[in-house]
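There are 4 protein chains.
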Amino acid sequence: MARGSSDGLGIGLIGTGYMGKCHALAWNGVAPVFGDVARPRLAVLCDATDDLARRHAQAFGFDRATSDWRALVEDPDVDVVSITTPNALHAEMAIHALRCGKHVWCEKPMAPALADAERMAAAARASGRVAVLGYNYIQNPVVRLMKALIDEGRLGPVNHVRIEMDEDFMADPEAPFSLKSGASSGYGALDDFGVHGFSLIQTLLGPVARACGHMAKPYPDRPTGAGSRRPVETADIASALIELESGASGIVTFNRSAWGRKGRIFVQVFGSKGTLVFDQERFNEVQLFLAEGASETQGFRTILAGPVHAPYGQFIPAPGHSLGFNDLKVIECRELIARIQGKPSLSVDFEAGLRIEHTVHAVAASARQGTWVQVAPAGA
Amino acid sequence: MARGSSDGLGIGLIGTGYMGKCHALAWNGVAPVFGDVARPRLAVLCDATDDLARRHAQAFGFDRATSDWRALVEDPDVDVVSITTPNALHAEMAIHALRCGKHVWCEKPMAPALADAERMAAAARASGRVAVLGYNYIQNPVVRLMKALIDEGRLGPVNHVRIEMDEDFMADPEAPFSLKSGASSGYGALDDFGVHGFSLIQTLLGPVARACGHMAKPYPDRPTGAGSRRPVETADIASALIELESGASGIVTFNRSAWGRKGRIFVQVFGSKGTLVFDQERFNEVQLFLAEGASETQGFRTILAGPVHAPYGQFIPAPGHSLGFNDLKVIECRELIARIQGKPSLSVDFEAGLRIEHTVHAVAASARQGTWVQVAPAGA
Amino acid sequence: MARGSSDGLGIGLIGTGYMGKCHALAWNGVAPVFGDVARPRLAVLCDATDDLARRHAQAFGFDRATSDWRALVEDPDVDVVSITTPNALHAEMAIHALRCGKHVWCEKPMAPALADAERMAAAARASGRVAVLGYNYIQNPVVRLMKALIDEGRLGPVNHVRIEMDEDFMADPEAPFSLKSGASSGYGALDDFGVHGFSLIQTLLGPVARACGHMAKPYPDRPTGAGSRRPVETADIASALIELESGASGIVTFNRSAWGRKGRIFVQVFGSKGTLVFDQERFNEVQLFLAEGASETQGFRTILAGPVHAPYGQFIPAPGHSLGFNDLKVIECRELIARIQGKPSLSVDFEAGLRIEHTVHAVAASARQGTWVQVAPAGA
Amino acid sequence: MARGSSDGLGIGLIGTGYMGKCHALAWNGVAPVFGDVARPRLAVLCDATDDLARRHAQAFGFDRATSDWRALVEDPDVDVVSITTPNALHAEMAIHALRCGKHVWCEKPMAPALADAERMAAAARASGRVAVLGYNYIQNPVVRLMKALIDEGRLGPVNHVRIEMDEDFMADPEAPFSLKSGASSGYGALDDFGVHGFSLIQTLLGPVARACGHMAKPYPDRPTGAGSRRPVETADIASALIELESGASGIVTFNRSAWGRKGRIFVQVFGSKGTLVFDQERFNEVQLFLAEGASETQGFRTILAGPVHAPYGQFIPAPGHSLGFNDLKVIECRELIARIQGKPSLSVDFEAGLRIEHTVHAVAASARQGTWVQVAPAGA
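Chains as they are written, first to last, in our numbering: chain A, 507 to 886; chain B, 507 to 886; chain C, 507 to 886; chain D, 507 to 886.
Just so you know, these hints were derived from the structure itself, not from any lab. Among the hints, erroneous ones may be present.
Put simply, identical chains are the same to the list, so a pair is met inside one copy or across any two.
Claimed, not checked - Capping the alpha-carbon separation at 16 Å, the derived lysine to aspartate or glutamate pairs in EDC-like fashion look like this:
no.: 1; residue 1: K653; residue 2: E580
no.: 2; residue 1: K779; residue 2: D678
no.: 3; residue 1: K779; residue 2: D542
no.: 4; residue 1: K723; residue 2: E624
no.: 5; residue 1: K686; residue 2: E802
no.: 6; residue 1: K653; residue 2: E802
no.: 7; residue 1: K686; residue 2: E739
no.: 8; residue 1: K849; residue 2: E791
no.: 9; residue 1: K723; residue 2: E749
no.: 10; residue 1: K723; residue 2: D585
no.: 11; residue 1: K723; residue 2: E680
no.: 12; residue 1: K723; residue 2: E739
no.: 13; residue 1: K686; residue 2: D727
no.: 14; residue 1: K849; residue 2: D513
no.: 15; residue 1: K779; residue 2: E680
no.: 16; residue 1: K849; residue 2: D657
no.: 17; residue 1: K849; residue 2: D678
Taking the hints into account, I'd like the entire structure generated from these sequences.
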């Protein structure tokens, strides 16, 4: 029998929560799924304590464990650092990793403070390394199909876009005051998950030029543990009128207190020749209307993801059998490797991510001012 | 054999187009459907020429025909005047009919000019007669169910609303310049059909307090017959951020160049205890999410219209068998008769309609100014 | 002013229940909707008592009222007799009307006893008059679109069909024993509403050649008023494997104890080039898959009914605005008039209806025998 | 830094195709996903040639590679053998592995010949080892929810079930004659994928007692490479009326030439108190109707999979974010490990799998005979 070996990239993973596990699965799965990349060496895992780190390293298949993220970042066995810690820690970790010559795969958003996001982008620019963000929804094969159809002109010039993102984890008015209701967590729905919406717009249609936002608090206060109530400081609902640099108009609206919505990202793209509609809760479907052929048989087509929609076929050779959320991270991982290899890839790098941050802050500013605000160009 | 007789209201109908036929069907159907009202006497029908009027009178079952709308309005046999002519004619006809002591059933919107709408409301106030507008979507039994659930507090206080109205009759960029692209027709999508959206918001949730609008022209010009192109003067897309008097926030967006959408009115109402969703293209369904019971069996319920949703059962005793658009006008007609009889009814009268007109003009003003605009109170 | 007049057909309507009202609405609506037929003279209405008849005649717009159906049938003012009485009365009334030289529009099914259905067909044949049945679902514009697409070969040869019909009016096991549970009412779901399914198959794809059926009683007994329980004699569920004369295979299944289903008629037609899917609970939609074009954009198209799907446009000039159940009867009425006028029309006449009855009885026989049974040719 | 270690089960995987990759991903993912099992040792991978085996071992993370499946099965490092080879090889491999004292995870179906399936079941019985089959659809969290709701009696006694399985990989009549059209491949749709349908019925509702089947060939012949056509020997469509041991009736229908269907498994379960509906193409949804509460708010609830539906939360902590097909295999893997550990688990073992095989052969026999056939009890 021959012994398998691996000359793949050395991986360091910081964080083992929701996204930490997701990165771990991606690093475990990318070689079996794609077959055309060397199996990564899962070198070092960092968690809050040595013991936690050791247990997760065992489960996730990492060779070594540590509670010292700097040690991980500086480890010569590590080529790529996965950063899945709370947002406030991203900047320091990412910048240090880039300075150590590592590639960085950092979860979104970049950082609560715009200045930190700008420093991250500057560090990436200076490093010459690959630095990408975890905007995984753009990796969905049906979203990639949307992009291909738009880029090929199948819709004609796009003149209007709408994105709704709705979840209900803040919908219960009696849910106790938590971190997410405090001003230190950011604006609320807008930066908590609205950034995903902007990643989709930017990837599919290009940057937002100007915006006029509105933020709302469905519940003015929430109970504290002590039997009293505390005023809510963040906006669970945010909406904006937007204009894109392309000239298209649009609206975005984000609601994290939308009862019954669980992972809705409803995207509607209107062009002069057709329309695309995607609902993230129906993950493997996209609706396409083309103003073609006899009108009596025109209608929105429900296209089910299948092997004709790369890279679906790397996961499952049969159409209509459904990818899942975690599979997107495997694709994102494959795109990251491609980018490191200098090949064409689809990802949101720190430069593009900074533009998303600028957009978010422009919406927030416009909501405060009650007027339209221009989005500052990335790097400006 | 006994001879049937009728002591019902005497009806005069002006106009025989889309809405004229719709009113005619309603006046023919209201007694068979409801059974509890005297069969109206279809007295006089008015069309552009005597010949057209005669032919339509025969088909629609009217006793007499005329091409003189004033003669119709002044006819002593006429108790109610149905006005289904182009919008620019509404004011003169409605005001004259009210002054003649007739009840008026006028198609929406009231009038292109706000001043005319205000004169219509004043005439209605002065007349003591019933004057209602053809906002038929509020009559859909599932919309009425929405209203009942909201009014009963099943959703808790409503904190957010979204309405999208989309059709595609202006979606083809090569469709020739027509009336609807000229400034004389109004603002565009906003007043052309967006008024329906506001009728739903106002009926379900109360008046809009302030708005921040945006209008867009997906196609800057359209071909004329002469081989050249003419700049489009109306906005086929209009959107607005809104705040209701109730304190709820929301967005509305209207697009008459939305390829593939045919009669979409997508309504989402979010409250502290649940969510309602309606899509007019699925006319007999409403989606209800209630944050009740075990979480593993929570989900949006697709409620199909049936006899438990009055007045569906007057049309069909079996649930799930579908009402249609024209049936809404029959319900509207029954509500009008109830109102004439001094009974409780659901309709948009001239007062409420004026508030819709004010809302539309506020959105248009805000779009011009790029700021939020307060909606003037009706009658102010 | 000119006085309207009518030289249309003279109508006699027997029955004022669910279907009686539906016929009344159709006779009132057919001229306004279609415009190209003379307005029928609503001559005589027959109900159980003179008083009931008089009241319904007033509401429905009939000139005269009677409680004597023979008088109605023999009335010289009556050209067409609408029969909407309980099934057991159809044969006698229809046969007498045909013998009196009247055209007959009889609700489905023909008669509980096959011999009666055969006598009805023989009477129709002998009369030279038009005799059609109320199989209204075939009149839905989207069903007519299905027929057109199949007839044009857009699906290629059809090789498989499935029809599911489900309602829940018998779903409650504690609903008291009623007429429908007694053997005198027929077989149960099979003839109660399954006949509609066969009308669709026959209209779209031609006659059923052989069948192998199964009937089931979800609840063996039901409570009586007296506090005891009585064995159920009819089958609330019926299913069959079928082969069509065309060679296609298929299944049909009917369930009137299917909780949550209200008016589901789910039709799936598979051909060598595509597939059609219709769900009656989404009345104005049909799904079409064509194996054409690039595979990455293939998908089921949701086609919304509109004016391109005749005769939708006679009701509403705008697409996607929804016809309803009662509108189908207006179309059926128009087809009946066309047939009387000797023009092409779509309807299920007594001959075709008899084939449906034979099919039903073949399914029932096969269920009893546990083997396949050949459907006797109509008229054999 | 601490070094990770693994004392997990030793794994041997035979086959690297569709299902081979799927097993590999499951063995890689089960520890990261569930966290509560020791990370398996990926010991030996077997492929057709040493070179292929070596390459896949590298990508899949296996220590060693071989082209000799007997060597793998007999390897002392191997505790569990994953068998993902063509069906005809299952029996020999599984029986040898069981005799070597290994646990076996074999892809479905068991074997083309019933006698082989019986020998496999006998070998499992004799071995005292765990032997399960790859019926992964039962592992979907929403299918497990269906099972829980049925087992808890939320639907009341189930009286009817329908399963439709449709794909279109054989829908093109001009697709060349291939293995699947030859009699050596089995009956056709019935055993090719219909077995999944029976795995669902058996898991949710218990065994099938008797069946009456029908098989159809939509296309009598297919082109060969040589320019001629060859008669098709298998049935691309199979349907059956069924009765369960529970007394419930039902239908199953399988169609692998159903244009537009990609992975449809449409399951409808009817009980005296409610209905469940699942469509595999909408993988993360289940529809539940309960005859509870006010009738005006009753409707099918679309329940989206989330952490409340174990083990969804092991994959993603947020609801509505979608699992995929490959995740089911990870769950199946976890259930296998639980079973090896002597803990409660959900899987189709060789005994239950044999019952599925008997059901399939009963359907085939009944289709040949045109009569109902009793399903032989497993092991009889």
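Hint check results:
Taking CA atoms no more than 16 Å apart as the test, K653 paired with E580 passes in neither setting, with 38 Å inside one copy and 50 Å between copies. With identical chains, the CA atoms of K779 and D678 are at most 16 Å apart between copies only, with a shortest distance of 7 Å across copies and 42 Å within one. Neither within a single protomer nor between protomers do K779 and D542 lie at most 16 Å apart by alpha-carbon distance, with minima of 38 Å and 37 Å respectively. In this assembly of identical chains, K723 and E624 lie within 16 Å of each other by CA distance neither inside one copy nor across copies; the values are 29 Å within and 35 Å between.
Neither within a single protomer nor between protomers do K686 and E802 lie at most 16 Å apart by alpha-carbon distance, with minima of 50 Å and 25 Å respectively. Taking the shortest alpha-carbon separations for K653 and E802, only the inter-copy value of 13 Å comes in at or below 16 Å, while the best intra-copy value is 27 Å. In this assembly of identical chains, K686 and E739 lie within 16 Å of each other by CA distance solely inside one copy; the values are 9 Å within and 46 Å between copies. Taking the closest pair of Cα atoms, K849 and E791 never come within 16 Å of each other, the shortest separation being 28 Å inside a single copy and 38 Å across copies.
When the C-alpha separation of K723 and E749 is checked against a cutoff of 16 Å, the pair qualifies only between copies, where the shortest distance is 12 Å, while the shortest distance within a copy is 25 Å. In this homomeric assembly, K723 and D585 never come within 16 Å of each other (Cα to Cα): the closest approach is 44 Å inside a single copy and 50 Å across copies. Taking identical chains as interchangeable, the C-alpha atoms of K723 and E680 lie at most 16 Å apart only when both belong to the same chain, with a minimum of 14 Å there against 44 Å between chains. For the homomeric pair K723 and E739, the shortest alpha-carbon distance inside one copy (8 Å) is at most 16 Å, but the shortest distance between copies (38 Å) is not.
Proximity of K686 and D727 under a CA criterion of 16 Å is satisfied intra-copy only: 13 Å inside one chain copy versus 47 Å between copies. In this homomeric assembly, K849 and D513 never come within 16 Å of each other (Cα to Cα): the closest approach is 19 Å inside a single copy and 39 Å across copies. In this assembly of identical chains, K779 and E680 lie within 16 Å of each other by CA distance solely across copies; the values are 11 Å between and 47 Å within a copy. When the C-alpha separation of K849 and D657 is checked against a cutoff of 16 Å, the pair qualifies neither within a copy, at 19 Å, nor between copies, at 52 Å.
Taking CA atoms no more than 16 Å apart as the test, K849 paired with D678 passes in neither setting, with 46 Å inside one copy and 37 Å between copies.
Figure legend: structure checked against the earlier numbered hints; hints not met, in rising order: 1, 3, 4, 5, 8, 10, 14, 16, 17.
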